[in-house]
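Sequence lines, in order, name chains A and B. Quick note on numbering: the first sequence equals residues 1 to 308 in the UniProt record's numbering. Quick note on numbering: the second sequence equals residues 1 to 325 in the UniProt record's numbering.
It is worth saying that the hints were derived from the structure and are not from the lab. Even for Gly, the Cβ is constructed at its ideal location relative to N, Cα and C. Careful, some of the hints might be misleading.
Stated by the list, open to error - Computed beta-carbon distance windows for the label pairs:
hint, chain 1, residue 1, chain 2, residue 2, range
1, A, R222, B, L66, 51 to 61 angstroms
2, B, A55, A, A204, 30 to 40 angstroms
3, A, L301, B, G140, 22 to 32 angstroms
4, A, A300, B, L131, 31 to 41 angstroms
5, A, E200, B, R98, 30 to 40 angstroms
6, A, L17, B, R177, 27 to 37 angstroms
7, B, G140, A, R222, 36 to 46 angstroms
8, B, K43, A, L301, 36 to 46 angstroms
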Amino acid sequence: MWWYVGKRLLQAIPVVLGATLLIYAMVFLQPGDPILALFGEKPVSESVKAELEAQYNLDQPFIIQWLLFLGGALTGDFGLSFSGQPVADLIGRAFPVTLKLALMALVIEAVLGIIAGFYAGLRRGKIFDSTMLVVSLLVIAVPIFVLGFMLQLVFGVQLQWAPATVGGDASFQRLILPAVVLGLVSFAYVLRLTRTSVVENLGADHVRTARAKGLSETEVNRKHVLRNSLIPVVTFLGADLGTLMAGAIVTEGIFNIPGIGNLAYQAVLRGEGPTVVSVVTIMVLVYVVMSLLVDLLYAALDPRIRYA
Amino acid sequence: MPDMTPLPGQTIYVAPTDGTPLEETGTVDTSAPPEGQWKEAWKQLRSNWIFWVSAVLLVIIFIVVLFPGLFTDINPRQAQLSRSLEGPSADHWFGFDRQGYDVFSRVVYGARASVTVGILTMLFVTVVGLLTGAVAGFYGKWVDTAISRVADIFFAIPLILGAIVLLSTLNNVWSNRGYWGGVLAVVLVLAVFGWPQMTRIARGAVLEIKSLEFIDAARAIGATKRSNLWRHVIPNSLAPVIVTATVSLGVYIVAEATLSFLGIGLPPSVVSWGNDIAAAQSQVRSGNNLHVLFFPAGALAITVLSFMLLGDAVRDALDPKAKKS
Chain A
1 MWWYVGKRLL QAIPVVLGAT LLIYAMVFLQ PGDPILALFG EKPVSESVKA ELEAQYNLDQ
61 PFIIQWLLFL GGALTGDFGL SFSGQPVADL IGRAFPVTLK LALMALVIEA VLGIIAGFYA
121 GLRRGKIFDS TMLVVSLLVI AVPIFVLGFM LQLVFGVQLQ WAPATVGGDA SFQRLILPAV
181 VLGLVSFAYV LRLTRTSVVE NLGADHVRTA RAKGLSETEV NRKHVLRNSL IPVVTFLGAD
241 LGTLMAGAIV TEGIFNIPGI GNLAYQAVLR GEGPTVVSVV TIMVLVYVVM SLLVDLLYAA
301 LDPRIRYA
Chain B
1 MPDMTPLPGQ TIYVAPTDGT PLEETGTVDT SAPPEGQWKE AWKQLRSNWI FWVSAVLLVI
61 IFIVVLFPGL FTDINPRQAQ LSRSLEGPSA DHWFGFDRQG YDVFSRVVYG ARASVTVGIL
121 TMLFVTVVGL LTGAVAGFYG KWVDTAISRV ADIFFAIPLI LGAIVLLSTL NNVWSNRGYW
181 GGVLAVVLVL AVFGWPQMTR IARGAVLEIK SLEFIDAARA IGATKRSNLW RHVIPNSLAP
241 VIVTATVSLG VYIVAEATLS FLGIGLPPSV VSWGNDIAAA QSQVRSGNNL HVLFFPAGAL
301 AITVLSFMLL GDAVRDALDP KAKKS
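Using the sequences and the accompanying hints, generate a full structural model.
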């Protein structure tokens with residue numbers, strides 16, 4: 001298995017390198033002088049311009065700029081933002097917020113999705129099942145920002161059950177509503193996946209055997225149906241963490257959360273290359289690590305799968 | 001009949017042959033070609049009411065996209081400030097937004113941009129993904145490695161994040177791009193980050209088909225590698241590609257709306273559901289004027305839902321195994 005992990009990590013290196021190069025090219029290979037843009041209408045003296053260019057490595061050829069960025073990133077130095085703060089500090093503040101939000105969303109979608117999907121699967125074709133099917137379709141079809149906005153309006157503004165915006169204080173209570181919004185779409189997927197998986201398992205031979213040897217219905221459902229149905233769900237959830245963190249950009253915008261998506265979005269609007277590239281690099285790393293973990297998890301859960 | 005004199009106390013039963021004559025149970029025309037996968041799928045599809053619901057909805061949506069003038073005489077860009085934020089009425093079913101635009105007219109004309117982005121992105125992604133995936137799966141070896149690694153790179157960058165970065169660059173390079181330029185920019189950006197998904201699906205399907213016996217048979221009777229790929233492997237790998245394409249159409253429509261919502265998708269001058277939903281946000285803050293948000297969002301949701309249901313129905317038809325669950 002360690003051989004497999006090593007191989008996968010080696011394979012991930014060109015992916016990470018390629019992805020950062022791609023984003024780096026998109027951000028920095030465009031006409032226009034970022035230094036001039038930084039000063040706007042004000043005139044810039046040649047010496048200040050040269051100094052700033054040297055500071056941001058803009059006087060180097062493109063590939064060298066990228067290599068310098070990579071070299072810095074390896075040691076945790078992501079360069080300076082245009083306002084002079086180290087990008088690593090900005091990310092260090094924003095990343096935990098987004099991670100917390102994504103993990104909360106993950107727990108919410110997992111618990112609700114699995115429970116609802118399990119009962120829908122057991123009572124296939126009954127009222128609960130049909131209702132859940134309609135709910136999941138609606139949640140997937142209505143854009144997340146509309147849902148988020150409606151929930152914010154109803155629970156945040158009208159009923160005042162939860163704070164409508166988060167702002168600087170990203171505490172647990174304040175993040176609950178955004179986490180529900182963020183987890184909604186994936187909740188629909190978890191629900192459908194669990195339901196399909198439960199229905200499939202109900203007809204499986206091992207479940208019939210469990211019934212035949214005299215286990216009670218509850219025990220059969222809990223020990224044999226639910227457990228085996230969770231394998232695809234757990235792998236989905238693992239892969240979903242990366243998606244949630246990247247997708248948080250919309251939720252963070254609606255609820256004004258100082259997370260990594262907001263950071264990236266603001267940086268894109270300001271044309272702040274170093275921050276944008278750093279955030280995307282972090283997201284790519286999260287994706288690569290999570291997909292490796294998911295594959296390992298899959299093997300751990302399903303004894304039929306072994307990696308040589 | 002042989003002599004079967006029963007022993008004492010023994011009875012022999014013989015089924016009367018006259019009672020059960022061999023009848024002709026129907027004829028099988030062995031010379032006719034077997035019914036193809038597509039014909040079977042169409043038969044399945046025809047009997048599925050979900051298919052008909054989504055198909056009818058989509059036909060209506062396409063008519064709206066092609067001929068918006070049939071549904072409203074009002075110009076979507078005609079602002080009547082005196083009627084700003086007026087609610088729905090008999091003459092103006094969906095009411096007015098803050099600018100005094102007729103919301104019904106905006107919804108009707110907005111369909112074009114949203115649906116066009118969805119369809120064009122889907123076509124781009126399907127063509128690029130199918131070709132790269134098929135070539136990678138069919139030729140294998142270093143071709144597969146090269147294509148798969150490049151696809152991995154694009155796949156590792158989150159769709160919305162990557163799209164925002166590329167679009168902001170495009171805005172600098174190619175500003176003032178008008179209606180179709182704006183639509184095309186969003187299509188290109190979504191396609192750039194969307195194709196690897198299709199490559200993976202197509203590659204998987206081709207790998208499966210490639211190992212089947214009829215491909216060896218075609219080789220044996222002298223088919224070249226290339227004709228094998230085009231005439232046998234690709235046509236037989238299309239089912240999962242078509243299903244994914246239909247479902248992803250809805251995803252791309254939502255993605256366009258999300259980008260427009262973030263203020264970086266279609267230019268504000270383009271009448272689109274995404275732009276209108278984004279604009280509606282500030283008008284609904286207090287919980288009044290919900291109609292401004294409800295109608296464009298509802299139109300978007302119905303469209304996305306139609307494509308998703310169609311995709312589900314097509315999947316059931318093409319994959320009878322999946323239907324049971």
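A/L301 paired with B/G140, Cβ distance criterion 22 to 32 angstroms: Holds - the Cβ-Cβ distance for A/L301 and B/G140, about 30 angstroms, lies within 22 to 32 angstroms.
Range agreement (Cβ of B/R177 with Cβ of A/L17, hint 27 to 37 angstroms): holds, 32 angstroms
Range agreement (Cβ of B/R98 with Cβ of A/E200, hint 30 to 40 angstroms): violated, 51 angstroms
CB-CB spacing for B/L131 and A/A300 relative to the 31 to 41 angstroms hint: The hint (31 to 41 angstroms, Cβ to Cβ) holds, given that A/A300 and B/L131 are roughly 37 angstroms apart.
Beta-carbon spacing of B/A55 to A/A204 - inside the hinted bounds 30 to 40 angstroms or not: Holds: the Cβ-Cβ distance is about 35 angstroms, inside 30 to 40 angstroms.
Range agreement (Cβ of B/L66 with Cβ of A/R222, hint 51 to 61 angstroms): At roughly 54 angstroms between Cβ atoms, B/L66 and A/R222 fall inside 51 to 61 angstroms, so the hint holds.
Beta-carbon spacing of B/K43 to A/L301 - inside the hinted bounds 36 to 46 angstroms or not: Holds, at about 39 angstroms.
36 to 46 angstroms as the expected CB spacing between A/R222 and B/G140, which holds or is violated: holds, 45 angstroms
This entry does not satisfy hint 5, going by the numbered hints stated previously; all others are met.
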